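Chemist: One-letter residues, chain by chain:
Number of protein chains: 4
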Amino acid sequence: MTTEIIEFNKPKLKSPIFIEGLPGVGNIGRIAAGYLIEELGAKKFAELHSSYFMPLVLLHPSSLVHVLKNEFYYWKAKKKNQRDLIILIGDSQSINPEGHYEIVENILKYIKKFDVKMMFTLAGLSVTEPKHKVPYVLGTTNSVKLVKKYKKYGIDFKISSHVGTISGAAGLLLGRGMYHKIDGICLLGESIGFPMIADPKSSEEILKVLIKILNLNVKTKKLDKKIREMEEFIQKIQNIEKQTIPQTISQQPSKISDEKERLTYIG
Amino acid sequence: MTTEIIEFNKPKLKSPIFIEGLPGVGNIGRIAAGYLIEELGAKKFAELHSSYFMPLVLLHPSSLVHVLKNEFYYWKAKKKNQRDLIILIGDSQSINPEGHYEIVENILKYIKKFDVKMMFTLAGLSVTEPKHKVPYVLGTTNSVKLVKKYKKYGIDFKISSHVGTISGAAGLLLGRGMYHKIDGICLLGESIGFPMIADPKSSEEILKVLIKILNLNVKTKKLDKKIREMEEFIQKIQNIEKQTIPQTISQQPSKISDEKERLTYIG
Amino acid sequence: MTTEIIEFNKPKLKSPIFIEGLPGVGNIGRIAAGYLIEELGAKKFAELHSSYFMPLVLLHPSSLVHVLKNEFYYWKAKKKNQRDLIILIGDSQSINPEGHYEIVENILKYIKKFDVKMMFTLAGLSVTEPKHKVPYVLGTTNSVKLVKKYKKYGIDFKISSHVGTISGAAGLLLGRGMYHKIDGICLLGESIGFPMIADPKSSEEILKVLIKILNLNVKTKKLDKKIREMEEFIQKIQNIEKQTIPQTISQQPSKISDEKERLTYIG
Amino acid sequence: MTTEIIEFNKPKLKSPIFIEGLPGVGNIGRIAAGYLIEELGAKKFAELHSSYFMPLVLLHPSSLVHVLKNEFYYWKAKKKNQRDLIILIGDSQSINPEGHYEIVENILKYIKKFDVKMMFTLAGLSVTEPKHKVPYVLGTTNSVKLVKKYKKYGIDFKISSHVGTISGAAGLLLGRGMYHKIDGICLLGESIGFPMIADPKSSEEILKVLIKILNLNVKTKKLDKKIREMEEFIQKIQNIEKQTIPQTISQQPSKISDEKERLTYIG
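Protein chains in written order, with our numbering: chain A, 1 to 267; chain B, 1 to 267; chain C, 1 to 267; chain D, 1 to 267.
None of these hints come from the bench; they were simulated from the model.
Predicted model, so just to flag it, every value in this text is computed and none were measured.
No residue lacks a Cβ here, since even glycine has one placed at the ideal position from N, Cα and C.
You may find that some hints are simply not true.
[Unchecked claim] 27 Å max Cα-Cα, derived DSSO-like pairs, lysine-lysine:
| # | chain 1 | residue 1 | chain 2 | residue 2 |
| --- | --- | --- | --- | --- |
| 1 | C | 208 | B | 44 |
| 2 | D | 44 | A | 145 |
| 3 | B | 236 | C | 145 |
| 4 | B | 109 | B | 152 |
| 5 | C | 109 | B | 109 |
| 6 | A | 44 | B | 201 |
[Stated by the list, open to error] With the Cβ distance kept under 7 Å, some of the chain B side facing chain A (calculated, not the full set):
| # | residue |
| --- | --- |
| 7 | 15 |
| 8 | 105 |
| 9 | 141 |
| 10 | 176 |
| 11 | 180 |
| 12 | 233 |
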């Protein structure tokens, strides 16, 4: 079957902003996007299944099976200064390299149908030493004009001195998105903990930036409680993944040893 | 060729129940389904071959080669309180993760043509210590209304306190089946032995539950003898699989360390 | 590209016999088929290339590159008691499991166009101790009626007491061939040496059987000389394969520890 | 998505010569082709993306993401004795064996549309001891008549005594190219250093040969400076590749132990 998007209904949206929060470092993006869905009361309208997810089902306490999936939610703007949203969360990313490209391509083609022109992908950046009192929000983009527009929101776009690459969906959505004419920013929350442990503070910082950009009426005070609820489920999937697929490509961005390392690209 | 279903003839069946018994933990499902075919005199009508099986043939004593396959059998109801059946057994499951999804998808699309609306997948659950005198039958489902309907048959639906995931066809058929509008229950026989050794008692308990649900006229007394005959063949394939494909994803459900571990899923 | 058959010309053949001799244990089949092509003066008419071969080219002393391939040759019967032949030799088999199925399927579909109804696949069987003075020729088939017809040629069809499986093209061509209505026999030359070292004596015994069956006017006395010439080339490819693809699935048939092990298959 | 060629514009070219310089041993080909693009002022007109590249984006100092790609440049002949050129450079080759075939096939089909009839692929050959004062340029071809035509340019076509195979695009483009009726020569620069370290001297020797053959007005004196600029970027990608994909098939040609080893190929 490779990859399939199952659409339950087709919401009418006005050039929505797309937000991606799939599992990754510290589950920072996953938690932030999941909390946004909860607080906004966003509605699920589609699912993505893929042969590139682990071939298993999870079991809910209700005795229901749960096949691994990514889920599309929508939310309609309530005020003039807001925008319709499509938010993608999920249980898993591809367990093999090729799958990442295929899944990202399916997502991009699907959101194009809703006339998406701008996206935010959410990720974490694992650092060994805390550099700031509050976790820092870094940003990278596929359209250089966005740097100017968005740095006022407290996003540090000097990311290339901290990290050399972004793996998986958060990076590829931007990298391939520009060829689909979708502008995008990847917001990375600096995280001091182990890559596999949720970092609520970092998620909160990303959320605050996103809420400000999107003029959303969302408070982050319930985040801690919600994180504990979500965390168990997400952690379980990652443990299974680690046990069953040891060779999975790391979704941790590769670090740069020399901060001054330049990245000049010559034809 | 990826995956192909070869149909020898197309039986006329009245919304049959689908039963799956492919190799897995203790071969509990495989043995139960194989015995049912024997005792009912079910007829083979189709085979599934796949590039995701091992690229080899087995040799029968007759000198005939045997390509790895899954096999579809049918049985027509004899009494009013019975239902037509399609039973799937086989030599192998996919040897790589993607293959599981593809094979399951092919099976679901094929049985849809026969108007299948309900299925039972049969599997084993390996436990380290016996918790009951007779092996216990656990159940999980893709439709919560089935819990109420079927728990009277002695199926323990509190499975999520014992196991976190079900791998391979038994789980994916349910997980993906709901998107094809096929309700299903996975019956798991508790097994104390090694996952790779057949567990006749556990198969018998699953069979008893299935016979009761389906009002079948089948006695389980010949099971021991039949198991010995089947076991050799099935074991041989698994040994080859272990030798040749060491990295095959485990088809053993992942266990839960903490029985109280909750699985709350938040958007 | 996956797998492609490049046809240089389409010979008119009268329901030819198909002979396969791809690399494997002791290169017994490869050498026998290669010698037959040489001695008969068979003509190449098609090549098979595949993404499942190693992604490299070999270098000939002429400085020409050589892409890995399988090659189809034909030979037209000269006498009434002979049959037209299609002979397949090659540099390589698939380096991953799925590829075997795809390549075999492409071969079967291609030879069906020439109305092939019978095939001989040639392979080696590695044994630790010599059981006979001359290397023994074993046989397995996909059509039980062939056992009776061909055992008079000195083929031992009691193969299942020596070996449990046949991997790769020699086995799968038979196993899948029966679903394409092509009868077949796999001739296996018993070989005492290391699986990776050519076994001229074993190739010779297979050749003798084949020559008798097909009423060919071929002497085996030049075999030794030819083997030395072929061997270098074939060995080189296998060395590269071993260096670059360590995890390649073994093409050695799995041995049976207990000679009396029965293989009863029950539905 | 597998492999996709994105065409920004379709230049009108007169049966151009195709030059390939993708990453490989000492990045000799990549550096030579990149320098040529710079010095000629060649224009980019297409990109190739592939699921077989690593699923990540690189980060530029400008904060822009960079998806892994191969890039097609063209240059139009200025003088009568020159030819239009298509030059391919890139960040990466396939990270799995099948991908090499698919990418090469896509490249060949694409350049056929421009009526390419001749190509030069550029690669490195790692040697343990320097055999000559200046790095030597070796050559191999897919058309034996080219040996005579091009050996006057100082290309040593006795390559098969040094190396047994050429892996990846440089080899496969020639090997598969002959089936697309594109003649080709692979120029290999002898390199004494580690395969992973750029070898400017070797790139320069290849460039000199290429400039002479193509009658180009290019001086190699700025090469050292340019190499330092390019090297960082290329090296970074290779480091990531090494870290994340340890099992990647080696793109180093396999060496021949015995210089006299013959490579006679017998049907």
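Chemist: Check the structure against each numbered hint from earlier and tell me which ones fail, lowest number first.
Modeler: Hints 1, 4, 6, 7, 11, 12 not satisfied by this model.
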